[in-house]
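> Residue numbers (numbering that gives the first Met the number 0), protein chains in the order written: chain A, 0 to 287; chain B, 0 to 201.
These are calculated hints, taken from the structure and not from any lab test.
A quick note: this is a predicted structure, and the numbers were derived from the prediction, not measured.
We put the CB at the ideal spot given by N, CA and C, even for glycine.
Certain hints may be false.
Here are a few chain A residues that face chain B, going by a calculated C-beta distance under 8 Å [stated by the list, open to error]:
| no. | residue |
| --- | --- |
| 1 | Val39 |
| 2 | Gly77 |
| 3 | Val146 |
| 4 | Val162 |
| 5 | Pro203 |
| 6 | Arg204 |
| 7 | Ser208 |
| 8 | Leu261 |
| 9 | Ser262 |
| 10 | His264 |
| 11 | Glu271 |
| 12 | Ser275 |
Each chain, letter by letter, is given below.
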Amino acid sequence: MNYGPLVFLAAFFALSASWFGFVLTPQIQLGRQQQETNIVNTAEMYPQARPGMAHQGLEVYRANNCAACHSQQVGQTGVVVDVVLTETGTNLEAVASVLKNVEPNVTTAGLAGGLPKTVLHGVKVEEAEILVKAFKTVGAKAETHLVPLGPDLARSWGSRRTVAQDYIFDYPVMLGNSRVGPDLANVATRLPDASWQLMHLYAPRSVVSDSAMPSYRFLFETRKIQGQPSPEALKLTGDFAPAAGFEVVPKPEASELVAYLLSLHSDTPLFEAPMSAPIAPKPTVSAK
Amino acid sequence: MSQPPQSSTPPAAASATQGATVPVWLIVLMGMLLYVGGLYFDDHGGWFNPQVYGPYRSYAELEPYQPKGEGGLAAQGRAVYGKTCIACHQATGLGAPGQFPPLAGSDWVNEAEPGRMIRAVLNGLQGPITVHGQNFNNVMVPWNSLSDEDIAAVITYVRGNKEWGNNASAVTPEQVKTVRAKIKAHPTAFTPDELLKISPAE
């Protein structure tokens, strides 16, 4: 018996089903995303296209296969709400009586100082809004603050989850699926110092003693100092310093890669990933 | 393949049909798996809404988490207005006499239901229109490239702008989405006469 047509139909059905599932459906769902407004600072559109250097840096990132060890996607497992008291108004007694519902041993004297004060931690949005409304009726002002939760966020890899919106100007998207190194979706927020990034690329262990990252010395040039040392030269010390009379300067690729890294910050509050306010950049230089 | 020279059904085929009976327990198991899968899909699928990501399970669950007060829909609408509408309708909402009709105090804007205004923003307008007793005949460009939120925001901002003497209800992104689906068959700009035939509540 000739099974040809049956085999053909089965293969056709299997392939078209996966095409519908993996190509067409995501295209219908996410294919026409555009810049959208930041829900906290509504004058700002997000995302902005990466500047030229950073755009080139994406190619360097891709060429050196950074995505093999670094992901650029932050997960989120939950969200809770804090209630922050910002103004007490004049009727401290009434405010304290409202606050007694959530904080039994509150005193009117303790209310006066230390504003804004977080009065309720980690509740559902409905409960938080009831309290905010109660404060409003007694003339005080309170705000709800969203706190996204999850193991990635606990590692300070971001302040909210990443969504498709974060990547609309990237091609290809360097999502990555292996985390030999830390996630880089918010590396610019975490480590905004360009000279630190350059040192780390040249000799990872000069700044992070237990780093597992290979050094990318071929992105740098070691050359004899002619006259004045270059202002771009890396400030290396100890074992990592070049021989006396020499200096290490970044090649264009290194500068582009750093420009790209410093353009990675998926921390704008969006409709689909709401957040109260972006976390202020941390100036500390550490290997999280 | 070679066929045995018989005209009746070969006995081998008959036995194969008998052997192909699916056991009842397998059908029950498949049904149960399908049911559990359906429940999981319902709980985690977000109904294919591109705005819904985990940990939020539905649009309705996501909405209460949007910032309130200063940063609400109307404030977002002010930003959208500043980028799109302001070129013709002006920062004052008064438009330009003879060219662009005013939004401030306009009956078209202050209708109890926003159906007509959503249509005008999505597909644009063309043809003669009368606002405040003044006649205008110009073309309004379509803004269907804006997201449902942005359109809802800008309409909410314009309708609720008390400085302009407007005081009409807010518009939700869901309403814009519904209208957008309804007017798929009408890709061109609306004329004011067409809009008047449509009930504003639709």
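> Compare the structure with each hint and give your call.
Against the structure, the hints:
1. Val39: This interface hint holds because 5 Å falls under the 8 Å limit.
2. Gly77: holds, 5 Å
3. Val146: Since the shortest Cβ distance to chain B is 11 Å, the answer is violated.
4. Val162: Where the cut-off is 8 Å and the nearest Cβ of chain B is about 5 Å from valine 162 of chain A, the hint holds.
5. Pro203: At about 33 Å, which exceeds the 8 Å cut-off, the nearest Cβ of chain B leaves the hint on proline 203 of chain A violated.
6. Arg204: Interface hint status for arginine 204 of chain A: violated (37 Å vs cutoff 8 Å).
7. Ser208: violated, 36 Å
8. Leu261: The hint is violated - leucine 261 of chain A has no Cβ within 8 Å of chain B, the shortest such distance being about 26 Å.
9. Ser262: Given a least distance of 23 Å, the restraint on serine 262 of chain A is violated.
10. His264: Cβ of histidine 264 of chain A sits 18 Å from chain B, so the hint is violated.
11. Glu271: Hint holds; glutamate 271 of chain A Cβ to chain B Cβ min 4 Å, cut 8 Å.
12. Ser275: holds, 7 Å
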